[in-house]
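Colleague: Sequence:
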Amino acid sequence: MKHNLFLFLILFSFSRLFSQEAESRKPKMGFYFNPSLNAGYNLGNSIKDSQNKDSQYYQQYVAPYLPNKFTYGISVIGGYNFLPNFALGTGLKYSFVADNFHLIYWVIQPKFIFNPGEEPFFIELNYGRQINHTAVSESEFWGVKLGKQISYSKRLSQEVGLIFEGPKFDSSNAVFIGLSYGIVIFSNKNYTVYGQD
205 MKHNLFLFLI LFSFSRLFSQ EAESRKPKMG FYFNPSLNAG YNLGNSIKDS QNKDSQYYQQ
265 YVAPYLPNKF TYGISVIGGY NFLPNFALGT GLKYSFVADN FHLIYWVIQP KFIFNPGEEP
325 FFIELNYGRQ INHTAVSESE FWGVKLGKQI SYSKRLSQEV GLIFEGPKFD SSNAVFIGLS
385 YGIVIFSNKN YTVYGQD
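Under my numbering, the first residue of the sequence shown carries the number 205, and numbering increases by one thereafter.
Watch out, some of these pointers could steer you wrong.
[What the hints assert, rightly or not] Straight-line alpha carbon distances no greater than 35 Å define the calculated DSBU-like cross-link-like pairs of lysine-lysine that follow:
(1) K273 x K372
(2) K372 x K352
(3) K352 x K393
(4) K230 x K352
(5) K230 x K393
(6) K393 x K358
(7) K352 x K273
(8) K358 x K230
[Said to hold, decoys possible] Have a look at the derived ranges for each label pair, beta carbon to beta carbon:
(9) Y298 x Y245: 13 to 21 Å
(10) Q362 x L292: 20 to 28 Å
(11) S357 x V280: 19 to 27 Å
(12) L287 x E323: 12 to 20 Å
(13) Y356 x I381: 24 to 32 Å
(14) L287 x H337: 31 to 39 Å
Hint data in this document are derived by calculation from the structure and do not stem from the laboratory. Computed from a predicted model, the values in this text were never measured in an experiment. Glycine included, C-beta positions come from ideal geometry on N, C-alpha and C.
Full structure from sequences and hints, please.
Modeller: Below is the structure:
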């Protein structure tokens, strides 16, 4: 009887020890899918403002190749969160920059996650290369997004962020600052408090 009780206490102690280790591990999303919308304002459009907009030269050769003051777009990224504080994703981004600027980029996106789980803060670095042909071709952009995820259910979080993007065009450059809103669907149902059993 004492032997069985002693064995039971040892097994119980080990089970508690291992369960605490499992609870203390930082969660990971696993595979994730992240569609998002964004809108921004162009801070770097000085070429367009400094020239005579009524001149024929401007109307024919300059204006069609310059970005507007406002832009909007959508991105669809899929990736894997293989470390608690790091994920890597890739996907497509569409940006409307001007009438002749309908840009589609192939994007690579490393994501750094702080306080993973319920409401993490994140920093995304973005690099995109244009894959379609419009008024410009072979453009690219570098960007950063600072944001926060807010858990919504077992496999879904909302995401809001502040974006900074610097697209590079042949005729001009632009610097966009804007806002982003999206959702994140992930494979690990225990990533947030809604899925913990």
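Colleague: Please go over all the hints and tell whether each is borne out by the structure.
Modeller: These are the hints, each one checked on the structure:
no., hint, verdict
1, K273 x K372, "holds, 15 Å"
2, K372 x K352, "holds, 27 Å"
3, K352 x K393, "holds, 19 Å"
4, K230 x K352, "holds, 17 Å"
5, K230 x K393, "holds, 14 Å"
6, K393 x K358, "holds, 5 Å"
7, K352 x K273, "holds, 26 Å"
8, K358 x K230, "holds, 16 Å"
9, Y298 x Y245: 13 to 21 Å, "holds, 18 Å"
10, Q362 x L292: 20 to 28 Å, "holds, 22 Å"
11, S357 x V280: 19 to 27 Å, "holds, 20 Å"
12, L287 x E323: 12 to 20 Å, "holds, 19 Å"
13, Y356 x I381: 24 to 32 Å, "holds, 27 Å"
14, L287 x H337: 31 to 39 Å, "holds, 38 Å"
Hint violations for this structure: none, all hints satisfied.
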